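Using the sequences and the accompanying hints, generate a full structural model.
The numbering used here puts the sequence shown at residues 9 to 165.
Because the hints were derived from the structure by calculation, they are not lab data. For clarity, every value in this text was computed on a predicted model and none was experimentally measured. Keep in mind that the hints are not guaranteed to be accurate.
In silico DMTMM-like cross-links for lysine to aspartate or glutamate, where the CA-CA straight-line distance does not exceed 25 Å [unchecked claim]:
#1 K130 / D68
#2 K130 / E96
#3 K65 / D147
#4 K130 / E60
#5 K65 / D139
#6 K65 / D131
#7 K130 / D64
#8 K130 / D147
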Amino acid sequence: MSSFVRSFTLGLAVGGRSSVAVTVPIAVATRGRSGTVAVLLRSAGRLAVAGEVVGDKLPDAPSRLDRPVFLARLVAGGVGALGLALAERRSAAAVLAAVPVGVAGAYVGSFAGYTWRTWAAKDGPAWAQPDTRAAALEDALVLATSAGLIRSAPREA
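So this is what it looks like as structure tokens:
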């Protein structure tokens with residue numbers, strides 16, 4: 009998978025759960041390492057994702073499209089894609105291109121996730137309601153996408 013596709017794909021996942029912007033690059037960068045720092049970093053990333061998955065289901069969770077939240081997701085998409093490109097030891101051009109590509113992915117992923125959740129909660133099939141079920145399906149997609157990015161990272165990374 010090309011660096012551009014990987015950057016955009018991570019951005020899409022970040023649009024769903026912003027914490028994967030940190031977790032995926034950490035997992036790729038520390039793959040195969042068993043030292044204390046590597047284990048702590050991976051554990052912190054997993055805790056961040058778990059916290060976001062739980063927090064997203066709370067009734068007072070802000071919309072991902074609220075201005076500060078949305079801007080933070082865009083930044084996370086760019087920074088996450090940058091981190092992934094660096095962890096995979098991509099070329100300088102690919103590393104620089106990763107940022108806007110990751111931002112674009114986060115933009116699309118944020119709107120896609122919002123659209124899915126809004127539709128599922130109001131007009132979607134019964135199996136996707138209440139909203140927590142639609143959110144759980146989104147979680148599954150984001151986590152599967154993130155795991156796929158980690159598994160498919162170049163081995164020399």
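Outcome of the hint check:
At roughly 18 Å between alpha-carbon atoms, K130 and D68 fall within 25 Å of each other, so this suggested pair holds. For the suggested pair K130 and E96, the alpha carbons sit about 41 Å apart, so the restraint of at most 25 Å is broken. With a C-alpha separation of about 11 Å, the suggested pairing of K65 with D147 holds against the 25 Å cut-off. Restraint check: the Cα-Cα separation between K130 and E60 comes to about 23 Å, which is no more than 25 Å; the hinted pair holds.
This hinted pair checks out: K65 and D139 have alpha carbons roughly 8 Å apart, not beyond 25 Å. The suggested pairing of K65 with D131 holds, with an alpha-carbon distance near 19 Å, which does not exceed 25 Å. Of the supplied pair hints, the one linking K130 and D64 holds, its CA atoms being roughly 18 Å apart against a limit of 25 Å. Between K130 and D147, the direct Cα distance comes to roughly 19 Å. Compliance with the 25 Å bound is thereby established for this hinted pair.
In summary, the one numbered hint that this structure violates is 2.
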